[in-house]
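K.L.:
Below, each chain spelled out in residue letters.
There are 2 protein chains.
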Amino acid sequence: MTSPEYSHHFSLNNLPYGVASSPVHPQQCATRLHNTVIFLGALQKSGFFNGVSSLPNNIFAEHTLNAFAALPNSIHAAVRTHLQSALQPGVESLPANSTADITAVTMHLPVSIGGFTDFSCSLNHVQNAGRAILNDPSPPPGFFHFPIGYGGRASTVAVSGTPIIRPNGHFYDRTSPTPKTVIYGPSRALDYEMELGAVIGRPLEREKCVKAKDAEEHIFGFVILNDWSARDIQGLEMIPLGPLNGKAFGSTISPWIVTIDALSPFKAPGPEPRVTLPDHLQEERDFNYDINMSVELLHPSNETKKDEIHASTIATSLAKDLFWSHRQMAAHLASSGCDLRTGDLLGTGTVSGPVDGSFGCLLESTKGGKETVKLVDGSERVYLRDGDVVRMSAVVGAEGSGVGFGECVGEVLPARVY
Amino acid sequence: MTSPEYSHHFSLNNLPYGVASSPVHPQQCATRLHNTVIFLGALQKSGFFNGVSSLPNNIFAEHTLNAFAALPNSIHAAVRTHLQSALQPGVESLPANSTADITAVTMHLPVSIGGFTDFSCSLNHVQNAGRAILNDPSPPPGFFHFPIGYGGRASTVAVSGTPIIRPNGHFYDRTSPTPKTVIYGPSRALDYEMELGAVIGRPLEREKCVKAKDAEEHIFGFVILNDWSARDIQGLEMIPLGPLNGKAFGSTISPWIVTIDALSPFKAPGPEPRVTLPDHLQEERDFNYDINMSVELLHPSNETKKDEIHASTIATSLAKDLFWSHRQMAAHLASSGCDLRTGDLLGTGTVSGPVDGSFGCLLESTKGGKETVKLVDGSERVYLRDGDVVRMSAVVGAEGSGVGFGECVGEVLPARVY
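As you go down the protein sequences, you meet chains Z and X in turn.
Throughout, our numbering is defined as the position within the first sequence, counted from one, plus 114.
Throughout, our numbering is defined as the position within the second sequence, counted from one, plus 114.
Errors might be hidden in some of the hints.
Given that identical chains are not distinguished, each listed pair holds provided it fits within a single copy or across any two copies.
Here are the simulated SDA-like cross-link-like pairs (lysine to any residue), alpha carbons at most 25 Å apart as the crow flies [unchecked claim]:
no. : residue 1 : residue 2
1   : Lys322    : Glu525
2   : Lys484    : Gly467
3   : Lys484    : Pro528
4   : Lys381    : Arg316
5   : Lys322    : Pro392
6   : Lys484    : Glu386
7   : Lys488    : Arg245
8   : Lys325    : Leu527
9   : Lys484    : Pro300
10  : Lys327    : Leu237
11  : Lys481    : Pro255
12  : Lys381    : Phe163
13  : Lys434    : Pro251
14  : Lys434    : Glu331
15  : Lys327    : Ile297
16  : Lys159    : Gly299
17  : Lys434    : Arg288
18  : Lys327    : Glu525
19  : Lys322    : Phe162
20  : Lys325    : Ser199
21  : Lys325    : Phe163
22  : Lys322    : Tyr298
Keep in mind that the hints were calculated from the coordinates and are not lab data.
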């Protein structure tokens, strides 16, 4: 499922990396210029990259980007410069067998993900969620000291377009007259979380720490991340060890990794720290990127025209408001002695603003399920229904910047019966 | 670091699997009979396994056991029967180049671990820990309904003998006159957790669930697992997302995977469920194994003879007391829609009994740091000191059963200064 709709996100200023195949192209590394997918394996075979020193032979013929991502960022930059220069006149100059239209292409998971750590970097999110669940906006006790996070399930991170099956699990039956009655069945509170995911490039060995200011050497780029969450399952299980089955059933990432080099002109100041941070967590002033995210629900009409699909924008929010940066996430995890492996995914947690219309998940938008979200066809949602498609998108800088993430989509399918 | 001390754990009734190398043997799959390591790659090359149908060529020459573990359990059983029969007269009948003494061998991580999920299966542990930390032995709200757990860090699971470096992290300074003062530095409350780890064999695809009663088809065997824990770091960070840096710095497993077939004569009844369980979590009566675990501290004397090493047994405890089984852990994780991958590690959580001397971690043994543990040389511990070596061991059934896990050891090294 790849959409031509986001052509304007993929100008010469972007050149993100993904993994693609087509009826005539085996799975390989790729980039995208507007709606043309450029198969880098085929291009490399043609000798196109012979001028780029230190680029290993056939590295783009691999089924994932891991080998390329693990190279020093200087090589990523050299490949980018080479591509930008060669593509200046357009894609027509490339060998015909190295390109295809986006609609003819299947996108695959861009990296093999060894570890997925999901953080909670948005102060607005923790305040909104605290207010919704506990009637108390106080952030968790560690929040201002370091980016708090938990170990997610790496094996169920899937590429945009993969449907998500409503999970079964244990939760409190809110309809029971007996409080705290635990039942097992399909989640009644399936939610999305709109996040960014930083993808680790050059690995960092165990016990080699890195300072936030130097951590970008280990970050290959970013994707949109939908951290699907079953709020009812999560609510019961997470005391005291954190979420497991309420999250492990699946996460979705956008197929194109937008590189650090493409993002670098869009640096933006982040919030001021509230406490003095240890050396390894100290950041420069412009520690965030100006990334504007949005989430829509594509939903069948609940009126007579059932085959009509509506698109309702639920929220837009700004990644530059994140309290902690991707570099600080990496530095914090490594500070314990943990390694960082190429392809590891570090999630920012839900990216939310402070007001209605800027909340990155339904838990916040519905004030913990106490209100509804109004859709364009007049219907309402508390949490997701089967058949709903969640579409997230993100553009970098202003809408005409030429740099964006395209989309991250997933349809909710009914729970398994067994 | 491999010890001949546990020879009696490795009779013909055991035949566990590991990955070994020696000065004349490249890294490959292996088994152990008493103190002889049998290099299965070399053995397979000699034609030894030609009579075992469906065993892929050169599968034991691999650097990990993953390919072998992924085979159906019927092939594991056939290999076991073949080995037991051939080894009846002793190891002398084997080709000389296929064996080496345990002291000449280096053991490696037996499987590549894609996912590490750590559960909390011991009712005694959660009650003891609750009493120690909160003065309240009530189990977590989900405890009787399903095995609660969290996502651990797979990349830092290391084989027995790998030293553990005391982690740096954020925690409350208990010496400060100002309550809740957060500082950053070397953990002052480094602990071990004595656990068992179930290793996934045959994989289970995403969205294919499995019932606990059938889940053993996906379990290759067990190891001892030391889930090192920095209690002070963990205490601050785990609200509300669970532990991360307090655990991610390292875990240690024993090198030999004791197979389901070796364990099957030692089934034992587990505790009765407290609530009616959904179908996929229902178990048979004898759902546990009779595994007796112990943890010792090997510590330099703090008196005049500083080069003298003492061994103090801190606790012994029984895996048959675990409230949830390995099959229930696997079934619970899969019930959300999550896949199980070959090499995934499912930890039981700390295996503890109800009384002094049966607590599987220092948090419990010292009542949350309020008491001390007395060592044989008269010295005391609250938490671990640099230079302490933690040695865990486990025997299956009675001491003379001939089936055991050997040891899982790790030395505490001083924190990095940076």
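K.L.:
None of the hints should be skipped; say for each whether it holds.
P.N.:
Verification of the supplied hints:
| no. | hint | result |
| --- | --- | --- |
| 1 | Lys322 x Glu525 | between (41 Å within a copy, 19 Å between copies) |
| 2 | Lys484 x Gly467 | within (19 Å within a copy, 44 Å between copies) |
| 3 | Lys484 x Pro528 | within (24 Å within a copy, 51 Å between copies) |
| 4 | Lys381 x Arg316 | within (21 Å within a copy, 47 Å between copies) |
| 5 | Lys322 x Pro392 | within (17 Å within a copy, 46 Å between copies) |
| 6 | Lys484 x Glu386 | neither (33 Å within a copy, 39 Å between copies) |
| 7 | Lys488 x Arg245 | within (21 Å within a copy, 47 Å between copies) |
| 8 | Lys325 x Leu527 | between (43 Å within a copy, 22 Å between copies) |
| 9 | Lys484 x Pro300 | within (20 Å within a copy, 44 Å between copies) |
| 10 | Lys327 x Leu237 | within (21 Å within a copy, 44 Å between copies) |
| 11 | Lys481 x Pro255 | both (22 Å within a copy, 24 Å between copies) |
| 12 | Lys381 x Phe163 | neither (30 Å within a copy, 61 Å between copies) |
| 13 | Lys434 x Pro251 | within (21 Å within a copy, 44 Å between copies) |
| 14 | Lys434 x Glu331 | within (20 Å within a copy, 48 Å between copies) |
| 15 | Lys327 x Ile297 | between (48 Å within a copy, 21 Å between copies) |
| 16 | Lys159 x Gly299 | neither (52 Å within a copy, 51 Å between copies) |
| 17 | Lys434 x Arg288 | neither (37 Å within a copy, 36 Å between copies) |
| 18 | Lys327 x Glu525 | neither (38 Å within a copy, 32 Å between copies) |
| 19 | Lys322 x Phe162 | neither (36 Å within a copy, 44 Å between copies) |
| 20 | Lys325 x Ser199 | neither (34 Å within a copy, 57 Å between copies) |
| 21 | Lys325 x Phe163 | neither (33 Å within a copy, 52 Å between copies) |
| 22 | Lys322 x Tyr298 | between (44 Å within a copy, 17 Å between copies) |
Hints 6, 12, 16, 17, 18, 19, 20 and 21 from the list above are not met by this structure, while the remaining hints are.
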